[in-house]
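**Q** Let chain A serve as the given structure and place chains B and C on it in line with the hints.
Listed below, chain by chain, are the residues.
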Amino acid sequence: MATALGVIVEALGGQLIGDAALSIERPAPLATAGPRDVAFVAQARYAAQIASTQAGALIVPPALQAQAAARGACIVTDDPYLYFARLTQWWRARHDPLPPARIHPAAVVDPTAVIGEGVDIAPFAVIEAGARIGNGARIGAHSVVAQGATVGEGSRLYPRVTLGAACHVGARCILHSGVVIGADGFGFAPHQGQWTKIEQLGAVRIGNDVEIGANTCVDRGALDDTVIEDGVKLDNLIQIGHNVRVGAHTAMAGCVGVAGSADIGAHCTIGGGAVVLGHLKLADGVHVSAASVVTRSILQPGHYTGMFPIDDNASWEKNAASLKQLNRLRERLKAVEQALAQAQPKPDDA
Amino acid sequence: MATALGVIVEALGGQLIGDAALSIERPAPLATAGPRDVAFVAQARYAAQIASTQAGALIVPPALQAQAAARGACIVTDDPYLYFARLTQWWRARHDPLPPARIHPAAVVDPTAVIGEGVDIAPFAVIEAGARIGNGARIGAHSVVAQGATVGEGSRLYPRVTLGAACHVGARCILHSGVVIGADGFGFAPHQGQWTKIEQLGAVRIGNDVEIGANTCVDRGALDDTVIEDGVKLDNLIQIGHNVRVGAHTAMAGCVGVAGSADIGAHCTIGGGAVVLGHLKLADGVHVSAASVVTRSILQPGHYTGMFPIDDNASWEKNAASLKQLNRLRERLKAVEQALAQAQPKPDDA
Amino acid sequence: MATALGVIVEALGGQLIGDAALSIERPAPLATAGPRDVAFVAQARYAAQIASTQAGALIVPPALQAQAAARGACIVTDDPYLYFARLTQWWRARHDPLPPARIHPAAVVDPTAVIGEGVDIAPFAVIEAGARIGNGARIGAHSVVAQGATVGEGSRLYPRVTLGAACHVGARCILHSGVVIGADGFGFAPHQGQWTKIEQLGAVRIGNDVEIGANTCVDRGALDDTVIEDGVKLDNLIQIGHNVRVGAHTAMAGCVGVAGSADIGAHCTIGGGAVVLGHLKLADGVHVSAASVVTRSILQPGHYTGMFPIDDNASWEKNAASLKQLNRLRERLKAVEQALAQAQPKPDDA
Numbered sequence: 002m003a004t005a006l007g008v009i010v011e012a013l014g015g016q017l018i019g020d021a022a023l024s025i026e027r028p029a030p031l032a033t034a035g036p037r038d039v040a041f042v043a044q045a046r047y048a049a050q051i052a053s054t055q056a057g058a059l060i061v062p063p064a065l066q067a068q069a070a071a072r073g074a075c076i077v078t079d080d081p082y083l084y085f086a087r088l089t090q091w092w093r094a095r096h097d098p099l100p101p102a103r104i105h106p107a108a109v110v111d112p113t114a115v116i117g118e119g120v121d122i123a124p125f126a127v128i129e130a131g132a133r134i135g136n137g138a139r140i141g142a143h144s145v146v147a148q149g150a151t152v153g154e155g156s157r158l159y160p161r162v163t164l165g166a167a168c169h170v171g172a173r174c175i176l177h178s179g180v181v182i183g184a185d186g187f188g189f190a191p192h193q194g195q196w197t198k199i200e201q202l203g204a205v206r207i208g209n210d211v212e213i214g215a216n217t218c219v220d221r222g223a224l225d226d227t228v229i230e231d232g233v234k235l236d237n238l239i240q241i242g243h244n245v246r247v248g249a250h251t252a253m254a255g256c257v258g259v260a261g262s263a264d265i266g267a268h269c270t271i272g273g274g275a276v277v278l279g280h281l282k283l284a285d286g287v288h289v290s291a292a293s294v295v296t297r298s299i300l301q302p303g304h305y306t307g308m309f310p311i312d313d314n315a316s317w318e319k320n321a322a323s324l325k326q327l328n329r330l331r332e333r334l335k336a337v338e339q340a341l342a343q344a345q346p347k348p349d350d351a
Numbered sequence: 002m003a004t005a006l007g008v009i010v011e012a013l014g015g016q017l018i019g020d021a022a023l024s025i026e027r028p029a030p031l032a033t034a035g036p037r038d039v040a041f042v043a044q045a046r047y048a049a050q051i052a053s054t055q056a057g058a059l060i061v062p063p064a065l066q067a068q069a070a071a072r073g074a075c076i077v078t079d080d081p082y083l084y085f086a087r088l089t090q091w092w093r094a095r096h097d098p099l100p101p102a103r104i105h106p107a108a109v110v111d112p113t114a115v116i117g118e119g120v121d122i123a124p125f126a127v128i129e130a131g132a133r134i135g136n137g138a139r140i141g142a143h144s145v146v147a148q149g150a151t152v153g154e155g156s157r158l159y160p161r162v163t164l165g166a167a168c169h170v171g172a173r174c175i176l177h178s179g180v181v182i183g184a185d186g187f188g189f190a191p192h193q194g195q196w197t198k199i200e201q202l203g204a205v206r207i208g209n210d211v212e213i214g215a216n217t218c219v220d221r222g223a224l225d226d227t228v229i230e231d232g233v234k235l236d237n238l239i240q241i242g243h244n245v246r247v248g249a250h251t252a253m254a255g256c257v258g259v260a261g262s263a264d265i266g267a268h269c270t271i272g273g274g275a276v277v278l279g280h281l282k283l284a285d286g287v288h289v290s291a292a293s294v295v296t297r298s299i300l301q302p303g304h305y306t307g308m309f310p311i312d313d314n315a316s317w318e319k320n321a322a323s324l325k326q327l328n329r330l331r332e333r334l335k336a337v338e339q340a341l342a343q344a345q346p347k348p349d350d351a
Numbered sequence: 002m003a004t005a006l007g008v009i010v011e012a013l014g015g016q017l018i019g020d021a022a023l024s025i026e027r028p029a030p031l032a033t034a035g036p037r038d039v040a041f042v043a044q045a046r047y048a049a050q051i052a053s054t055q056a057g058a059l060i061v062p063p064a065l066q067a068q069a070a071a072r073g074a075c076i077v078t079d080d081p082y083l084y085f086a087r088l089t090q091w092w093r094a095r096h097d098p099l100p101p102a103r104i105h106p107a108a109v110v111d112p113t114a115v116i117g118e119g120v121d122i123a124p125f126a127v128i129e130a131g132a133r134i135g136n137g138a139r140i141g142a143h144s145v146v147a148q149g150a151t152v153g154e155g156s157r158l159y160p161r162v163t164l165g166a167a168c169h170v171g172a173r174c175i176l177h178s179g180v181v182i183g184a185d186g187f188g189f190a191p192h193q194g195q196w197t198k199i200e201q202l203g204a205v206r207i208g209n210d211v212e213i214g215a216n217t218c219v220d221r222g223a224l225d226d227t228v229i230e231d232g233v234k235l236d237n238l239i240q241i242g243h244n245v246r247v248g249a250h251t252a253m254a255g256c257v258g259v260a261g262s263a264d265i266g267a268h269c270t271i272g273g274g275a276v277v278l279g280h281l282k283l284a285d286g287v288h289v290s291a292a293s294v295v296t297r298s299i300l301q302p303g304h305y306t307g308m309f310p311i312d313d314n315a316s317w318e319k320n321a322a323s324l325k326q327l328n329r330l331r332e333r334l335k336a337v338e339q340a341l342a343q344a345q346p347k348p349d350d351a
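Residue numbers (this note's numbering), protein chains in the order written: chain A, 2 to 351; chain B, 2 to 351; chain C, 2 to 351.
The following block holds chain A by itself, in its conformation from the complex (with noise of 0.2 angstroms):
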């Protein structure tokens, strides 16, 4: 399904240089991309792979332009990045449209139920008694919306989503396979050795533009709601406790667990395999590396790094076994700095 480089520029914009008719098969990566495939060049310390390329065309930085003109056509744009993002999306819905919605018959769907004009419901999906599906909205195959959930307009929930009673989800958001929403966060109280369940009345608020991988957690507050604010990105795999707020605009990658009550800001971003720890407060800005454990609330925006280096085995083993001596080192190292000082000359006593 190739579309001419023209098309493309008539529809996302950007300075054309070079032929318009050239015909594109794929937005590819730099590394791999074939004379029929258009690619991107960020920054311009990727301009050595231009030389190297075989995309047929490429969209470029105006920085990059002379460059990338001298080889062949390309794409002027103020933020390559962004072009290309939107070009995906481009692509996508002209060459992969998705099917005319329609709510299959082996679906269950409560007579109580709203369901908004254009919705499409895959098989096997049940919707229960007073849920509310948003226009144009999509729920799959083996979703359920339960009693009383909602599906803002336009959002998509992939096949095997469960969305629990009285949970809300945003417009245009998009929820992958496995995604559970609402589920009883982990409240216990402890009585003689054993725990007495706190019912978790609560249920879980999610803005609009929210993304959430495959098989992540969003588990329901025990009182008040779990709130997800607008444009957050969660990858797979993610936890979410009981009562946690992730601000707007935050990103999360795979991994990541957030225990109960924690409290982050916006426009944060947390790397894969992170933890952080219940009742924190995270400000507007905290970015985490993957794989540390936050510990304590950051008050401050910045970058925030815990994580033991990587090493051959041999050296790790000698160094993990010296850290536990650690402590003890600084006392030892103390002692030597004060032998030291008793042994030396005083400068009074020149």
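Hints listed in this document are in silico derivations from the structure and should not be mistaken for laboratory results. A hint or two may mislead.
Heads up, the list lumps identical chains together, so a pair's fine if it works in one copy or across two of them.
[Unchecked claim] Once the Cα atoms are required to be at most 25 angstroms apart in a straight line, the calculated BS3-like pairs of lysine-lysine come out as:
1. Lys-335 / Lys-319
2. Lys-325 / Lys-282
3. Lys-335 / Lys-282
**A** Frame of chain A, contents of chains B and C only:
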């Protein structure tokens, strides 16, 4: 659905001080409770909040009775947190009772399965040959109870739980959406650079009063069964490997990984994101901090931790680089100590 | 369903010593095996257990033949662990054969899907347009094979597996419950404080003889495909980001996270809970310990580790506090060394 304060005390006990007719709209957190809400203060160290909360009524211990009564209605009880837990259970049962049980016509139930009294089976559930579902159990939509598996009385499988062949779940258990019980353990024999599968011939046995969080996995044993004892509470996205034993009333927070054949005692707590390596033994009453890696058996009860402290990234980089020199630093310190010992006059030199 | 020992040896080879008519009830662990069970002893270092086990028969290497034969029946074979793996496969096929294949009437199979011979499709499975299911494959309940996806001959999808559009699974693969293949990779371009989605136009290609554990996710590529090569074994709850390559016969334990575009070689092993950051290259034969974070490419085969050693909490607190001073300690040590060097008589002072 307001409830008079006196009705709560009639049902759950405690000493009521104040107006029994006070209308309560919901149990609420102390910080956000309003004049028609009931909140709890578990410990004297939260006493300062008694003055500022807007809660209509408070659940307090005897030590805070005078202070609480001075500002309004209260319920006095020895363990306010436990009272609050019971209140949430009573509240849910009263205000949000489960719908009557029914076997939905869109479920597939094998004729050889044995279904107890008052069992609820939701649409698209699959109950295979020889499975047994105890009285009053509830099987959610898209859940599978495979061949020969058993679910005890009063247990609840939320939508989309897989209970593998021959696995057993006890009475009054709760399994949240996405739980997988009885997938194959990870067992392979190496052979000429490839892996030969070891069929996992064991099953999973889960005791009574166990709760298992969303998307958590418990693998079947290789030969004997994997065992989760009574009263265990597992949070979301936990991995329990084959042949593990988790002792009674142990609780694990989200994202924990327990490798095969680990033997974890009773009344333990394992913090979020912690890893327990295989074939280790943890005594009863071992408490492991979040994100710690248990690399050796722990035979004494106590609190154990291993976690890289988080820091601003620049400081972390310096310290992490030094960490790779730590054993060398230790040797250098020793050399300094020896040099200093030789340089100093010995006692008998005097 | 007892089986004569001689029947096992007839099927699987090895040298039988003792009574071929001995009735075996099951393969069992050495420690818990009874007089009608068969167990294995893989290595000479477990030889001490030969005297104490109650097992009716033992599978042993030649070096242990005399010792094993002195106490009862045994099968002598060069690689007892491999023999045991094959025995479990044979045992399952003999005692617990799969039911005959059928396409359940409650499955939804698109008329344009191509279904091979002897394919089993369980209730509520969904096979979309243009999908292809190879001969003898088995598709579990609630599994989805999306548009244009392919499943190779003899592969098995357990209940509740999602295989995304255009993704490919090779022959003889096993995908456990909750697996999600082909959810969108995590790709967004930042724009004015928000995130613009990069549509993920690639797919996932999985080779032959791959096994993927419960609730594990493999994301589709952004432009090119994510690739899992032949013979790879992934445990439960693993995250494989977009554009990753996992080389042939590499094995990963539970809860591993691999970030986007990582290129992992063949014959690697990655321990449970480890994290591999994005865009890194791991050579063939790299072994990463559990819970280690790979932050740089590793181009030499070998064993690598980075993991904070666990300790009692009080000791950990002291050492962790000192760790934040480590670079400062290093500088202090250097100062001490210099002071000492100046204080000491130089060789030519003598």
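**Q** Indicate, hint by hint, whether the structure satisfies it.
**A** Hints and how they fare:
1. In this assembly of identical chains, Lys-335 and Lys-319 lie within 25 angstroms of each other by CA distance both inside one copy and across copies; the values are 23 angstroms within and 15 angstroms between.
2. Proximity of Lys-325 to Lys-282 under the C-alpha cut-off of 25 angstroms is restricted to the inter-copy arrangement: shortest distance 22 angstroms between copies versus 30 angstroms within a copy.
3. In the homo-oligomer, the alpha carbons of Lys-335 and Lys-282 never lie at most 25 angstroms apart, since the shortest distance is 36 angstroms inside one protomer and 38 angstroms across protomers.
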